[in-house]
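Given chain A, work out where chains B, C and D should sit, using these hints.
In order, the protein sequences belong to chains A, B, C and D. If you read the first sequence in numbering that gives the first Met the number 0, its first letter stands for residue 0, the second for the next number, and so on. If you read the second sequence in numbering that gives the first Met the number 0, its first letter stands for residue 0, the second for the next number, and so on. If you read the third sequence in numbering that gives the first Met the number 0, its first letter stands for residue 0, the second for the next number, and so on. If you read the fourth sequence in numbering that gives the first Met the number 0, its first letter stands for residue 0, the second for the next number, and so on.
It is worth saying that the hints were derived from the structure and are not from the lab. Any given hint could be a false lead.
Treat identical chains as interchangeable: a pair holds within one or across any two.
What the hints assert, rightly or not - Straight line, CA to CA, 30 Å or less: simulated BS3-like cross-link-like pairs of lysine-lysine:
id, residue 1, residue 2
1, LYS327, LYS93
2, LYS31, LYS60
3, LYS46, LYS60
4, LYS88, LYS327
5, LYS117, LYS150
6, LYS200, LYS66
7, LYS88, LYS69
8, LYS21, LYS317
9, LYS317, LYS214
Protein chains: 4
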Amino acid sequence: MIIVLKKSATEEEIEHVSEKIKSLGLSVHISKGEERTLIGAIGDEAKLAETPLEALPGVEKVMPIVKPYKLVSKEMSDGPTIIDINGVKVGGNKIQVIAGPCSVETQDLLTDCAKKVKESGATLLRGGAFKPRTSPYAFQGLGEEGLKYLKKASEETGLPVVTELMDPRDMDLICEYADVIQIGARNMQNFRLLMEVGKTKKAVLLKRGMASTVKEFLMSAEYIASQGNTNIILCERGMRTFETSVRNILDYSAVPVLKEETHLPVFIDPSHAAGRWDFVPALSKAAVAVGADGLLIEVHSDPENALCDGAQSLKPTKFSTLMGELAKIAEAVGRTI
Amino acid sequence: MIIVLKKSATEEEIEHVSEKIKSLGLSVHISKGEERTLIGAIGDEAKLAETPLEALPGVEKVMPIVKPYKLVSKEMSDGPTIIDINGVKVGGNKIQVIAGPCSVETQDLLTDCAKKVKESGATLLRGGAFKPRTSPYAFQGLGEEGLKYLKKASEETGLPVVTELMDPRDMDLICEYADVIQIGARNMQNFRLLMEVGKTKKAVLLKRGMASTVKEFLMSAEYIASQGNTNIILCERGMRTFETSVRNILDYSAVPVLKEETHLPVFIDPSHAAGRWDFVPALSKAAVAVGADGLLIEVHSDPENALCDGAQSLKPTKFSTLMGELAKIAEAVGRTI
Amino acid sequence: MIIVLKKSATEEEIEHVSEKIKSLGLSVHISKGEERTLIGAIGDEAKLAETPLEALPGVEKVMPIVKPYKLVSKEMSDGPTIIDINGVKVGGNKIQVIAGPCSVETQDLLTDCAKKVKESGATLLRGGAFKPRTSPYAFQGLGEEGLKYLKKASEETGLPVVTELMDPRDMDLICEYADVIQIGARNMQNFRLLMEVGKTKKAVLLKRGMASTVKEFLMSAEYIASQGNTNIILCERGMRTFETSVRNILDYSAVPVLKEETHLPVFIDPSHAAGRWDFVPALSKAAVAVGADGLLIEVHSDPENALCDGAQSLKPTKFSTLMGELAKIAEAVGRTI
Amino acid sequence: MIIVLKKSATEEEIEHVSEKIKSLGLSVHISKGEERTLIGAIGDEAKLAETPLEALPGVEKVMPIVKPYKLVSKEMSDGPTIIDINGVKVGGNKIQVIAGPCSVETQDLLTDCAKKVKESGATLLRGGAFKPRTSPYAFQGLGEEGLKYLKKASEETGLPVVTELMDPRDMDLICEYADVIQIGARNMQNFRLLMEVGKTKKAVLLKRGMASTVKEFLMSAEYIASQGNTNIILCERGMRTFETSVRNILDYSAVPVLKEETHLPVFIDPSHAAGRWDFVPALSKAAVAVGADGLLIEVHSDPENALCDGAQSLKPTKFSTLMGELAKIAEAVGRTI
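Here chain A stands alone, though its shape is the one from the complex (with noise of 0.2 Å):
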């Protein structure tokens, strides 16, 4: 760490902050400069993550070297992780595809779902039993109803299931059902949330915030990852901005930038950032370009009847026609979908 003095810094102050340094078992490296005193605190970085240096008087500013993030960072890996989720396997060459509808209504509509997407190509079942609205009015899912039609389309189907966790108190019962655990963009910082499926070995697909940065992404990964579980799938979803044409802005560029960061396979999930259907294929396709190791669809058989999130939803013939154009584009990239 570096802490950069203010030009009219005192020696006092310069000694007052390089003692509370080596209080806390670090050395100190004074540097004075033409224009600035700096110190180079020398040791365990993360000792130094709670004490406000930048509080002291005579500090400008203080300036971490060392990346917070452990576990889940390139440097603590061979190589990239690949997660087996009963034989699919996410993070290697394949590039895995979730579909499904937003959520869960009747038994009927969502195997049908299932055994069509799965015969365009799709690897991966997704599906709502719980559901985070906006309103208190509006459809919150239909809980363990839910999870058992799930439960039925994978059996009959051999798709795993993705499904959503809103609350510790619902842990047993999506582990029950689900292969994989969803934490939503809205809970990537509900920490509670995230140290519960760290206890599990499930397979977790972490949506990024829609304000939060990578940073504050890998730290809510390392979270999970800080509990034993490093079988993690990050998804980027969009960015909340001033703009106002779809609802939220993809962050592309995040998949080489957690490629360089991170050992974690990383998705993208281009319908709720576009927020309509018609947009889904060409953002899939940057998906695959940009590098991404999957993607995570809503398709639906009826969107006009579709209890949450219909405007967002492809049809299963308008998802199959993209499963083709996505496969030129994997194969023009060396990978296969």
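Structure of chains B, C and D alone, referenced to chain A:
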């Protein structure tokens, strides 16, 4: 709700949209203008909320007329809500100040701080026992022990206690010790937590998410109200933006906006927004001037050794000076503090 | 235009708003719903644009129906605009690549770079002679000398020249040397400059401002078109957000959005958005996949010694490799490059 | 400047970075820590500004120590700059208020408005003759005729004139009529315009761009100062964010931040930020309380018929009431208005 059709919309498409609306029990008024055809949906707009009208063929955009929140809207109340917390009246002419350390550390430090902030005019005591931290390796709070310290400090000073709830499983515990339950910014859309605090009659301090709109903020309050609890204090604590000179940018305009939309009291938290104690006085003065009903200010007897957020904590003497300055501004706007 | 009245609006207020609209030559349709009264203003909406209807007593909000741009809107054209720049057709099936250094430095470096990017498949040459720099102490470009170098490099390679105009007083000079006039992101709302380039027939490369909406972007294009010049290439170059891992976040969804709204060609500039050369390949691939009509890529033979933006410039060999990769993706989406 | 090397950096890479720094005339201090090697570049940091150190092999990040602005920094001045505009002292204890219509329309309206705002305590008169409008079809201002009206209103009231410059070609014209030259938010990084006003001694009112950082704001002021003119008034006018309840969010924390960084006076413009007249009083009070040196408030005798921004203009009577309220807050913070 007004549905604007594309210039290219066919009669068939217009008919299809109309039928969809009628099937949900609303009536339809079609208006063909020079540039666009509009369909007005007349009746209970809430019934349309789940229907993806914007995804129907021929539709250009959908414009809601009615606001999605009801119980927290100004129209539902004769006047401003005044919440009585053990005799401290929040929402009236007197501006209430919640003060105390970021996290509870020891009984002595806390009681000492509580006594001092009370002397200076604070009327509620804050302190975190469960702390949401970006890093899993940071101090996470003392848990129940911290709650006991808070209770004791409260008994010695008479100041009611404000403390954060992070997990629905801690609800009973928090209720036993706290007078006001805080929902943190990161949990503003933790809908399960909102519903949980909605089931008590305890006052709730609901912090606005860093990237949440005023409308979403009110919808989160509506979640709480929908369960029967309207003892809600709204608290603006800063927005996430591109600016890096402070941690977050306070949305002062949210105060007049909220005063127009809702009957609930509105507080401002300058400490978390600034991230630096030396900006807290200026930001607090602006909060009183803009019309806030209260402030949430971090005070710590020994900020240099605080286990959390020391950089933004005022020392008790500085807090005392600030309270004197705020009193003058309160008087200038016709209020007390 | 639809005017939504407050629940509390009086008959007198409704009458006042109606009279105001009629006085501007539009007719009025009043619709009294259960929750709100609406006034529809029927006729030429543009006449209302200057009238502060939202400030009239009793008005809750004003919702425009018609889009404010005309000449650049898709409705004004039979098909996509194809701009012919000395034989290079922008906006057609072939994706065009503008390449070259950030700023012109020496004749040799520039000509060398031009030859190499041409060999790799670039069809237009970029280079700044007038540079907008954040610091007054940074290199500001070679001025006319730089333009001469560009001209010579163009003559030797046959590549048309793209260069930036910063000041209306340089208009004649730029026109003498350039084939495409670039308007930088910081000047997207320099309305005088827009009007100036609108008066020629030269092609204009209009970059989107870092915090401009798609609608504002199109309004700036409309400024140029309003003066008679519709040879406009739109260029997305990244948004300003809270994220710091890259300089700006590219709005890839702007490509399908713009394709729906306008007949003008749409380019993407991955170099300025990334701020780092090593992310340029991934971002370029996504640009081709999402449907962009062209790319703007910085290439420099000796990035380490570049006078400007060396960190984001590709070396010619890396550019050559990238062009090969992009060709495969172009083919996958049914285009050439 | 501190250069942090990657964990994987080789001796050769460290040597290469060091040589690069030395070749520019700085000396080097290498520090090998447990986690990372750091290189400190000692000497004139400005010499490194153009060098893409972050693109050199083995470099992880580059951290500048010294701020890039000099002339406008607090260190360059003994105390706050006080600008004398025909006897009106900006930057001292008295808070100065610039008031008047958004655009100049008729001599009568303007003179009437000028007299009224003067009576209420305004000390400078604003009015636009050249208007930057988002739409090319909107009213663009009266041009020189408007400037003549301003001059006349100024002569009748004694109020100095503040008006906007949009084009370097209008410089002489504006200088003939104006006492303070306004640079609008959209032109904050129109560097040619900044250099042009830097060459006079006229006071400049520089508005902060809607998506500009405080640092960029100061760099734009530095552009003006670098040409010899330090008569600069900084004006915060709101940030672009995701929130839609007001037009822009005022960054009140910019006032204490700027007071720490620069000797220049700082104003706030609540009218453009709010976009609605009824929020202007609350936002103005907060501006005085937070420590602003002045305000820019739009006042129009007949807002309903204003040709520009009528919705955000106060009527003279409301402005008069507001000035009375502001006087009390000014007194509470030890200032006059």
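Structure-based check of each hint:
1. LYS327 x LYS93: both (13 Å within a copy, 18 Å between copies)
2. LYS31 x LYS60: both (15 Å within a copy, 22 Å between copies)
3. LYS46 x LYS60: Both ways: LYS46 and LYS60 sit 18 Å apart in one copy and 22 Å across, limit 30 Å.
4. LYS88 x LYS327: The answer is both: 21 Å in one copy and 26 Å across copies each meet 30 Å.
5. LYS117 x LYS150: Intra 15 Å, inter 57 Å, cutoff 30 Å: intra-copy only.
6. LYS200 x LYS66: The answer is within: 26 Å in one copy meets 30 Å, while 43 Å across copies does not.
7. LYS88 x LYS69: This pair counts as within: shortest intra-copy Cα distance 24 Å, inter-copy 47 Å.
8. LYS21 x LYS317: between (63 Å within a copy, 28 Å between copies)
9. LYS317 x LYS214: between (36 Å within a copy, 29 Å between copies)
When held up to the earlier numbered hints, the structure conflicts with none and fits them all.
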